[in-house]
Amino acid sequence: MPALSPDDVARLAALARIDLEPAELERLAGELDAVVAAVASVSSVVSDDVPATSHPLPLVDVYREDVVEPSLPAEAVLAGAPAAQDGRFLVPQILEED
Amino acid sequence: MSPSADRSSGPQTGADELVRASAADLARRLAAGEVSSEDVVRAHLDRIAAVDGAPGDGRGVAAYLHVSGEEALAAARDVDARRAAGEQLHALAGVPVAVKDVVVTRGTPTTAGSKILEGWVPPYDATLVERLRAAGMPLLGKTNMDEFAMGSSTEHSAYGPSRNPWDTARTPGGSGGGSAAAVAAFEAPLAVGTDTGGSIRQPAAVTGSVGVKPTYGGISRYGLIAMASSLDQAGPCARSVLDAALLHEVMGGHDPRDATSLPDPVGPLAEAARSRDVRGMRVGVVRELTGEGFSSEVMASFRSALDLLADAGAEVVEVSCPTFAHALDAYYLVMPSEASSNLARFDGMRFGLRVEPSEGPVTAERVMAATRGAGFGPEVKRRIILGTYALSAGYYDAYYGSAQKVRTLVQRDFAAAHEQADVLVSPTAPTTAFPLGSRLDDPLAMYAADIATIPANLAGVPGMSLPSGLAADGLPVGFQVMAPARADERLYRLGGALEALLEDRWGGPLLASAPALDTVPARPEVATA
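Read top to bottom, the protein sequences are chains U and G. The opening position of the first sequence corresponds to residue 1 in the UniProt record's numbering, with each subsequent residue numbered one higher. The opening position of the second sequence corresponds to residue 1 in the UniProt record's numbering, with each subsequent residue numbered one higher.
Pulled out of the complex, with its shape left as it was, chain U reads as follows (with noise of 0.2 Å):
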């Protein structure tokens, strides 16, 4: 099992798109490699035969009927965003210029 550090918190906490201060990655480390350390035994009782389960209740293939339902007016959703402009989510530019 190998012990996370800040820098492995980093790059986690980055690709979760996730801005942490200095001190919370030391704090996040110590806590999530107790965590992680409580948690491994899983491994350990399962074998290769044993079946996944992702989900609780074997429902399969749930279709609606194909027809038009009534959805949300646009302003109405645009009205808890951030920032919007002519009916659309107003979001900042997307790559960055050098």
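Since the hints were derived computationally from the structure, they do not count as laboratory data. Using N, Cα and C, we set each Cβ at its ideal position, and we do this for glycine too. Fair warning: there could be bad hints in the mix.
Claimed, not checked - Which chain U residues face chain G? A few, computed with CB under 7 Å, are given here: (1) Ile18; (2) Asp19; (3) Leu25; (4) Ser41; (5) Val42; (6) Val50; (7) Ser54; (8) Ala74; (9) Val77; (10) Gly80; (11) Ala81; (12) Ala84; (13) Pro92; (14) Gln93; (15) Ile94.
Fit chain G to the given chain U structure using the hints.
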């Protein structure tokens, strides 16, 4: 210890009597025209104003994040007018209800206990909220919770903790501590909770109330802010088994907008709660959820309830579910993995908070990271990072993959145990309510509060907690009942019977013996309602 000894005596009249009445009793009196919904709602708003305070002010129960007094009164007046006009109404019409803040409500702020959604007003209702409104049930407000339902104490709410009505220096459990505290403190006759690993049942246990996690898919998830989609389940919080059944029946049944919703109609749950007959019912005590790790006081209360069931004609047997010992570990891999994916939607683009980075270019990606860094609290960050780790290349099979296999083993344990028993029972939580702050810096100690409730979530089976009595410290103990998937009525049958036996012994409901609460300054929106 018998709670009847120090039960407050004397006649209770007026508003106090209305807030202490059961939902079933209120429904009957509303239908008979003995009381108006407006009076019932007003009595509850007065009670909230007197004892709730507000999260973060350091006083009061702090069960509510938002109280919608004007809207509740308007809904009550509407029901009263329709009743006066002779309209046929739902049996619970006019009975008010509180809703956990993880459930979206059109026109009423919904934060899931997080700063990242502060001030957000949803443009639509969850299906279960639609059904409450259609039944004519006024919504009193939104209840406090651990942020995004991640916690076992309500202390991870970004707005401050709720407090346990039995001892305001202790937590009411979590994540749905607000809903449990609201019913236990007589601030609502009914409340809605959600249960991903015990968030309805564990708060019910430590507040002396009743909480039910239905079979997975029994109540629509449409409009629940998702934490772990394969585990999340809404359910009722109440002060009696019958009241829980009545609320469950209103909310349950198929919803075409939730593809994981069961096709079955909701069963005759209230009828089961009223049957009070456990003769011949096989009650399986789960060996792995008793004894070690459970306090001696909790075990004593549990054993005493078992004796009552045996005397009433139930057949008490012991069953073994060996993989339950690994359920908590599997849960803390599956749940964070699903949460890390579900919470990706909080990106600062479409709703809620948007924070720009303090330096450097203002790109969408950097705004997302700044928003999530500022908007999420420590437990949410912890679980998203843990989930990201468990799902990352090189660890996926060992962690997430193995945890999913443990789910299969837990399901097999349930199936084998149910060959010997119609229902399975255990204490709901290993201890009584713990003091505020005592586990906040120790995530593993906090997680252990859910050790007995998590197996039902992993397997998708229904579970109930009802009070079995008070421990020597004067705090309530919860008794858990579990049943096979789609056999929720068994919970109500056993729970209703056990509750009746216990109340005969106590001389009334356990919550009637809860200590009186201090009056605290009301929050502004309640004071003016």
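Evaluation of the provided hints:
{"no.": "1", "hint": "Ile18", "verdict": "holds, 4 Å"}
{"no.": "2", "hint": "Asp19", "verdict": "holds, 3 Å"}
{"no.": "3", "hint": "Leu25", "verdict": "violated, 10 Å"}
{"no.": "4", "hint": "Ser41", "verdict": "holds, 6 Å"}
{"no.": "5", "hint": "Val42", "verdict": "holds, 4 Å"}
{"no.": "6", "hint": "Val50", "verdict": "holds, 4 Å"}
{"no.": "7", "hint": "Ser54", "verdict": "holds, 6 Å"}
{"no.": "8", "hint": "Ala74", "verdict": "violated, 10 Å"}
{"no.": "9", "hint": "Val77", "verdict": "holds, 6 Å"}
{"no.": "10", "hint": "Gly80", "verdict": "holds, 4 Å"}
{"no.": "11", "hint": "Ala81", "verdict": "holds, 6 Å"}
{"no.": "12", "hint": "Ala84", "verdict": "violated, 10 Å"}
{"no.": "13", "hint": "Pro92", "verdict": "holds, 5 Å"}
{"no.": "14", "hint": "Gln93", "verdict": "holds, 6 Å"}
{"no.": "15", "hint": "Ile94", "verdict": "holds, 5 Å"}
Taken one by one, the earlier hints fail for this structure at numbers 3, 8, 12, listed in ascending order.
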